[in-house]
Amino acid sequence: MKKFVNDPNQFVPEMLKGVALANPDTLRYVPEYNLIMRVDAPSDDRVSLIQGSGSGHEPAHAMIVGKGMLDAACPGDVFSAPPMDYVLETSKMLASPKGVLHIINNYTGDRMAFDMGKELAEAEGVQIKTLLVDDDVAVADSTYTIGRRGVAGNFFVIKVVGAAAEQGADIDELVRLGEKVNSVTRTMGMALTSCTPPAKGTPLFDLGADEMEMGVGIHGEPGRRREKLADANTIVDELLEAVVTDLPYEKGDDVALMINGLGGTPIGELYILYGRAFEQLEARGIHVRRNYVGEYCTSLDMAGASLTLVKLDDEIVNGLSAPADIAIRTF
Amino acid sequence: MKKFVNDPNQFVPEMLKGVALANPDTLRYVPEYNLIMRVDAPSDDRVSLIQGSGSGHEPAHAMIVGKGMLDAACPGDVFSAPPMDYVLETSKMLASPKGVLHIINNYTGDRMAFDMGKELAEAEGVQIKTLLVDDDVAVADSTYTIGRRGVAGNFFVIKVVGAAAEQGADIDELVRLGEKVNSVTRTMGMALTSCTPPAKGTPLFDLGADEMEMGVGIHGEPGRRREKLADANTIVDELLEAVVTDLPYEKGDDVALMINGLGGTPIGELYILYGRAFEQLEARGIHVRRNYVGEYCTSLDMAGASLTLVKLDDEIVNGLSAPADIAIRTF
Amino acid sequence: MTDYPLGQVEFVVRTIADTAVANEKYFGDLDAVVGDGDFGYSLARGFELVIRDWDDFDRTDPATFLRKVAVVITSRIGGTSGPLWGTAFLRAATAVTSKSAVDGPTAVAMLRAASEGIATRGNASLGDKTLLDSLVPATDEIERQIGLGSDGPTTVRAAATVARSTAEETAKLQARRGRQSYTGERSIGSVDPGAVAVAVIFEALADTWAV
Amino acid sequence: MTDYPLGQVEFVVRTIADTAVANEKYFGDLDAVVGDGDFGYSLARGFELVIRDWDDFDRTDPATFLRKVAVVITSRIGGTSGPLWGTAFLRAATAVTSKSAVDGPTAVAMLRAASEGIATRGNASLGDKTLLDSLVPATDEIERQIGLGSDGPTTVRAAATVARSTAEETAKLQARRGRQSYTGERSIGSVDPGAVAVAVIFEALADTWAV
Ligand SMILES: Nc1ncnc2c1ncn2[C@@H]1O[C@H](COP(=O)(O)OP(=O)(O)O)[C@@H](O)[C@H]1O
Ligand SMILES: Nc1ncnc2c1ncn2[C@@H]1O[C@H](COP(=O)(O)OP(=O)(O)O)[C@@H](O)[C@H]1O
Ligand SMILES: [Mg+2]
Ligand SMILES: [Mg+2]
Ligand SMILES: [Mg+2]
Ligand SMILES: [Mg+2]
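Protein chains in written order, with the numbering used here: chain A, 813 to 1143; chain B, 813 to 1143; chain C, 41 to 251; chain D, 41 to 251.
Hint data in this document are derived by calculation from the structure and do not stem from the laboratory. All residues carry an ideal CB built from backbone N, CA and C; glycine is no exception. A hint or two may mislead.
To be verified - Computed list of chain A residues with no C-beta within reach of chain C, every gap over 12 Å: (1) Val851; (2) Ala935; (3) Asp982; (4) Glu985; (5) Lys992; (6) Thr1008; (7) His1099.
As the list claims (entries may be wrong) - Okay, the calculated beta carbon distance ranges per label pair: (8) Gly1097(A) x Thr1014(B): 33 to 43 Å; (9) Arg1141(A) x Asp180(C): 55 to 65 Å; (10) Arg1141(A) x Gly1013(B): 34 to 44 Å; (11) Lys212(D) x Gly1013(B): 47 to 57 Å; (12) Glu991(A) x Ser140(C): 30 to 40 Å.
Model the full structure from these sequences, guided by the hints.
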């Protein structure tokens, strides 16, 4: 395993500690509950936004805590939903008179932990609502599964809801806004390589030298199908076809386009994907008004990328363009 | 080769095109010379800052063109200095009455290309000065080599000089400032894995499963020595010892600390390194006043990291905290 | 089982905990085939805490003991397994409330309660390719053996045999719950990690069951 | 060489270009050992352009032709090789200025001028583990063969043999120039890519030299 790691069981706590040390003026780390929170939260004037999910998706979510985005993140271990306890304690610590909003990606484990944590926190007087993100088009919404998975699209939901929360919007308004953003957001990802969880020490799955996994999950779950490795343009075209036809996005639509790296792919390659996606969208008459090229929701060290579209309107654009102050920054 | 690539020979142009498409309001791409430039450059009020080097180090340098940083980048192919022609034409296109500043990393190929390009451009009336970056402590300054290599420290030189250029500083002042920043900046990097240039298609060198390369160059050049793979803390301590003792940085110093990912290492791991480096510096009485955790100067898809320290004073802090508007951004 | 004041209840819990810790890698590798590989890690980290706090659990009666263990599991195991296994222990506790010892029929009632808790919490039915697919048939077998008048070791060994064979048979099923379910038909061909974990636990019990 | 209006000069340039393109991978792999792996790519991309523009070069005389080729190489080959090889071609051009054909002694003068240009531009001396370490001894051998009255094919073959053996001997040297030099003593044990490229070019010339 070629990783910067000391004790694999301390991988997540050491990472969180690093994030807090790098942002002493804005973030606080509570080791008991894997909690990263704004130093100025909870606030009486603001609904508290909490996101929890497995770790290994950084910068999601521990590194997007800050003014204008999350009030707190309580990540679980790598690729595991946080224990119910973390949800409960985080909800209590972040309790605001305006309420607490749980923003969760649609996975069984996360939903169970948040459901149980919510119930217990409510019993202690905390007001809580839930926002589910399920933007992944790779997995069909069938009667068997619990529905689509939540992936990189959570960035857009959190960004828009975070901007409104910062303005003092009430919790029902935030739920409406978040559900709206989620409803116009679609993503599909693919993997060129597997990823290696630190505690496992070996790749999660095997991909042949000439294979790729289309529709891979952000926890390395297999996707739609394994295909023969293709060139960058072919990959973009396939992702785009799946995403565009799903909502569908139509001629004349204004969209945000995200090319999200999965952790092991350098940014130069992401811009190659971006160029192709931009041109293909223009050819379909779909206009890219905002773009996001980089890492937003990763799968540890996986080489691969996901493509997200968000259909824009004025309300969403306002939220996306609002300032925010999080750990991920350039200067 | 697990990469997003179409024709490997078009890797760099396609990437540059993507960058320009993602920043239509601020950047222009001139394919003939691999040139990415600000749409508002050259300006009569501003010295033009140009950086050229091999590609494969993204975001350096094509993605740090913009207000407050570079006016243009003319990257060569992956890991190859740009041809002299690109330097010449870029210098001519960016000619400002206040002059053109070449910021280059200290490598033979880059120096030759820039020397020749400068000579020819000067013959056509362009005023040019040169700023050399050579922050890498891995390679000793001997009579044989042309001296230290320039690596991730170039970010700091460009950031501070870029801020001053934006304020209208004249070219001699920029040279003074850049040389000062360079003189208090030191870096050392290390690799957990090799990297794979797209045109080569196979890893540049072989590293055993239990080996790492200390002091690796950003073009995958071998470093000080190959060592047995160690844990994150041990690696940080070794990098830090080399960097701290080189200037040396001393008790009571205020510093900026950069943990730079080499392209294949996820940001979660970088924060583990940051936490350790921060604590070890504090233990030495050296105070981290600014931090930079992420990718600034990479080696394609190499897993690895470099550690940079900059000794701060008010002038440098001013330059580092000035705003800038480049392709790499979060929103 | 002489070390355990609460006898078989404690012995069973301890065996589950030891088995979970000892099989971290095996269970994780099973989950990596079509899942996300965290099953072994999640169980091991949670049951490690059960072992750490072992001496401090309130042992007033089996129900109290099981309830305390359930809290640790629910609150500290991440992933889907924390809520599922925690619920199972909680429901088993409820089934033994106010009894000071566990006889055969009570054991069956506890196992049934645990299965129903998992089914409810996970919205899962038999055949969905989950741990229920070995836990339920193994429980049926225990009930059958008790009806036949078998002794403890015979009963537990028979349950282990059934758990193993039904766990192996989950390979034929398509996953309809958990992360594996996203893969649709590709989940067919590999066994369910949860169902195998149940079999491994029953086998560990059978290997050491005394009376 | 009947296809070439300028005879041997053109034939040599064309052989260098063809060899560079054909050996892209080989030269790149050599550079990857202790350098940065771009040598093959850089040469190939540059000489590809020489081939592409082949018919359009001004062929007024050998010097003009070489100067035009030098501009393409200097301006379009990246890395260290662009400036070095461009300078070599430029200096060779100067050495043949105002001559309409190239005899033996002129060829030697051109090669000497090229080597000196490389040495100046790269601040390199013999023994620094660069292409000079095969180019200079090969030039010496050509001069010796001309002194012996050898014919063209014999002379070129002898030069190729010397270039190859001296290129192999660079493995013993520690690199003092170029990216390899950063590795210090670790560069000992592998041949210099530039020196080998010179040998491969001389061998290609020897294989096809007609008169
Ligand atoms: N909804 C569910 N209901 C019942 N059992 C489930 C459910 N989802 C998963 N399981 C069981 O849990 C096991 C996987 O656990 P774990 O890896 O911890 O969860 P996750 O799928 O969230 O990664 C599966 O093998 C299966 O036996
Ligand atoms: N300073 C120099 N002087 C002369 N020859 C050099 C010098 N540096 C490198 N070379 C030659 O160039 C070859 C490497 O070329 P190339 O890979 O294009 O350059 P770089 O070292 O910049 O990657 C070396 O094998 C050596 O023969
Ligand atoms: Mg999981
Ligand atoms: Mg090079
Ligand atoms: Mg799992
Ligand atoms: Mg090279």
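Outcome of the hint check:
At the 12 Å boundary, the C-beta of Val851(A) stays outside the reach of chain C, the nearest C-beta of that chain being 26 Å off. Even its closest Cβ contact with chain C, about 15 Å, leaves Ala935(A) beyond 12 Å, as expected for a residue assigned away from the interface. Annotated as non-interface, Asp982(A) keeps its C-beta farther than 12 Å from every C-beta of chain C; the closest such distance is 30 Å. Distance check for Glu985(A) against chain C: the nearest CB is about 30 Å away, which clears 12 Å, and the non-interface claim stands.
Look at Lys992(A): its CB is around 25 Å from the nearest CB on chain C, clear of 12 Å, so calling it non-interface holds up. At roughly 10 Å from the closest C-beta of chain C, the C-beta of Thr1008(A) falls inside 12 Å, breaking its exclusion from the interface. The Cβ of His1099(A) lies farther than 12 Å from every Cβ of chain C, with a closest approach of about 32 Å, so its non-interface assignment holds. Separation of Gly1097(A) from Thr1014(B) is about 41 Å and conforms to the stated range, judged on CB atoms against 33 to 43 Å.
The given range of 55 to 65 Å is respected by Arg1141(A) and Asp180(C), whose C-beta atoms sit roughly 59 Å from each other. For Arg1141(A) and Gly1013(B), the hinted distance range of 34 to 44 Å is satisfied, since their beta carbons lie about 35 Å from each other. For the pair Lys212(D) and Gly1013(B), the supplied restraint of 47 to 57 Å is violated, since their beta-carbon distance comes to about 31 Å. One distance hint, 30 to 40 Å for the beta-carbon pair Glu991(A) and Ser140(C), is violated here, with the actual separation near 52 Å.
Of the numbered hints listed earlier, those contradicted by the structure are 6, 11, 12.
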